[in-house]
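J.: For the record, the sequence lines run as chains A and B. Just so you know, we're using the working numbering here: the first sequence kicks off at 1 and counts up by one. Just so you know, we're using the working numbering here: the second sequence kicks off at 1 and counts up by one.
Because the hints were derived from the structure by calculation, they are not lab data. Take these hints with a grain of salt, some might be off.
[To be verified] Partial list, computed: chain B residues near chain A (C-beta under 7 Å):
1) D45
2) A70
3) A143
[Unchecked claim] Just a sample of chain A residues kept apart from chain B, beta carbon distances all over 10 Å, derived:
4) D40
5) D63
6) I65
7) L78
8) T118
9) I130
Bear in mind that the values here come from a model prediction, so they are computed numbers and not experimental data. Glycine included, every Cβ here is placed at the ideal spot set by N, Cα and C.
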Amino acid sequence: MKVVIIDYGAGNIKSIQFAFKRLGVDAVLSNKLKEIMGADKVIFPGVGEANSAMKMLGESGLDIIIPQLTQPVLGICLGMQLLCNDTEEGNTKGLGVFNVSVKRFPNQVKVPQMGWNTINNLKSELFHGISENEYMYLVHSYYAENCKDTIATTNYSEIYSSALQKNNFYGVQFHPEKSSYTGELLLKNFLEL
Amino acid sequence: MLAKRIIPCLDIKNGRTVKGVNFIDLRDAGDPIELAKIYSENGADELVFLDISATLEGRKTMLDLVLEVAKQINIPFTVGGGISSLEDVEALLKFGADKVSVNSSAIKRPDLINELSKKFGNQCIVVAIDAKQIHGQWKVHLAGGTISTDLDLFEWAKEVEQRGAGEILFTSMDHDGTKNGFANLVLKQLSEELNIPIIASGGAGNIQHFIDTFQLGKADAALAASVFHFGEIEILDLKRKLKNNNIEVRL
Numbered sequence: 001m002k003v004v005i006i007d008y009g010a011g012n013i014k015s016i017q018f019a020f021k022r023l024g025v026d027a028v029l030s031n032k033l034k035e036i037m038g039a040d041k042v043i044f045p046g047v048g049e050a051n052s053a054m055k056m057l058g059e060s061g062l063d064i065i066i067p068q069l070t071q072p073v074l075g076i077c078l079g080m081q082l083l084c085n086d087t088e089e090g091n092t093k094g095l096g097v098f099n100v101s102v103k104r105f106p107n108q109v110k111v112p113q114m115g116w117n118t119i120n121n122l123k124s125e126l127f128h129g130i131s132e133n134e135y136m137y138l139v140h141s142y143y144a145e146n147c148k149d150t151i152a153t154t155n156y157s158e159i160y161s162s163a164l165q166k167n168n169f170y171g172v173q174f175h176p177e178k179s180s181y182t183g184e185l186l187l188k189n190f191l192e193l
Numbered sequence: 001m002l003a004k005r006i007i008p009c010l011d012i013k014n015g016r017t018v019k020g021v022n023f024i025d026l027r028d029a030g031d032p033i034e035l036a037k038i039y040s041e042n043g044a045d046e047l048v049f050l051d052i053s054a055t056l057e058g059r060k061t062m063l064d065l066v067l068e069v070a071k072q073i074n075i076p077f078t079v080g081g082g083i084s085s086l087e088d089v090e091a092l093l094k095f096g097a098d099k100v101s102v103n104s105s106a107i108k109r110p111d112l113i114n115e116l117s118k119k120f121g122n123q124c125i126v127v128a129i130d131a132k133q134i135h136g137q138w139k140v141h142l143a144g145g146t147i148s149t150d151l152d153l154f155e156w157a158k159e160v161e162q163r164g165a166g167e168i169l170f171t172s173m174d175h176d177g178t179k180n181g182f183a184n185l186v187l188k189q190l191s192e193e194l195n196i197p198i199i200a201s202g203g204a205g206n207i208q209h210f211i212d213t214f215q216l217g218k219a220d221a222a223l224a225a226s227v228f229h230f231g232e233i234e235i236l237d238l239k240r241k242l243k244n245n246n247i248e249v250r251l
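Could you put together the complete structure from these sequences and hints?
T.: Here it is as structure tokens:
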């Protein structure tokens, strides 16, 4: 199986590659459109700032290619947010796969949310073997609202989408590659889709 | 609910884990990779690697160690010590660090915080602050706590938040190495005056100290070294007791 992690210059993606390695899969880092389109599974990562990340995607034509992918795609953290319609971070237009907006957490809570929080209302084969209320590791200041594509929720100031799915597109706000064995199980489930 | 985090800190010198008692007297406490692995499998929520000699001796942090840690462990980790440029941070993130912590370099050139935050996002920028009381005032120190500055702790903490720090790692030098508990009064004030997470550091000696720093100090996370490295406190046991005290933890 060929797993490609889209490498468009956004933050720490080595950890995702290492997480797959721990599962016995050699995932490839790539920004080549052909290689991404030819993969069995695509990981769309992202740590950093939305506006500059979208610019980097635009420069390589990835903003056009990603929404057209037909194999299972997993957006992680900012990757998930960029698959949404738009984000308040830098007033950035997203790729529009998930019909939902990304907003900033209100100042009633500490921003960013940093650490382990529970996931609930699990509604996807992505969570096979993962129970309600298990902890995942999150680091983010912006969140996707609840919508019809929501497949998991988390509570921080309000209940929001910690995972989304539409057709072959999956997105998780948490970092499965950093969420201990629960996260590794989710990645394994993704590989088995 | 967001859980309170327990963070073992691995102070690194010459590729080995050491714990400074009041930052000066060093004791060897083992192999960092082995320790990291043991901690990640036994309930640690996060790890911090601080190259404690980096600032003093101008050494750069150990990329090889970072890479090895990233390969072997499945929880987040922060790297600090001697980080002074965008290039340093870029390299660390590339080798698998999740967050970086800056201290002296941010004091010397505060714009660094803005630049790092803008380029990499505030979520991976931790600003470490070492402070101690001088004539009743909390003063920030740099270079591993060896040089005092005129900076007031609270003013500096607010400034780093405003400049884009994602988190503050606060070490009370008055408490560090004493095992008499965390600086909860100051921590509470920091936590209430700022809107970013605060990691409490310095003074952990027993389980009650952790309960206190979450309940009284309002800390978001607690960091300790020797009590974990020498097996005086077992993390899972600590977390069970925190839970018994109605403190949200990941078990």
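J.: Against each hint, give a clear statement of whether it holds in the structure.
T.: These are the hints, each one checked on the structure:
1. D45: Holds, because the Cβ-Cβ distance from D45/B to chain A comes to roughly 6 Å (cut-off 7 Å).
2. A70: A70/B check passes; min Cβ-Cβ to chain A is 6 Å, inside 7 Å.
3. A143: violated, 27 Å
4. D40: holds, 23 Å
5. D63: At roughly 19 Å from the nearest Cβ of chain B, D63/A sits farther out than 10 Å, so the non-interface label holds.
6. I65: For I65/A, whose nearest Cβ neighbour in chain B is about 24 Å away, the distance exceeds 10 Å, so it holds.
7. L78: Label violated. Min Cβ-Cβ 8 Å, cutoff 10 Å.
8. T118: violated, 7 Å
9. I130: holds, 14 Å
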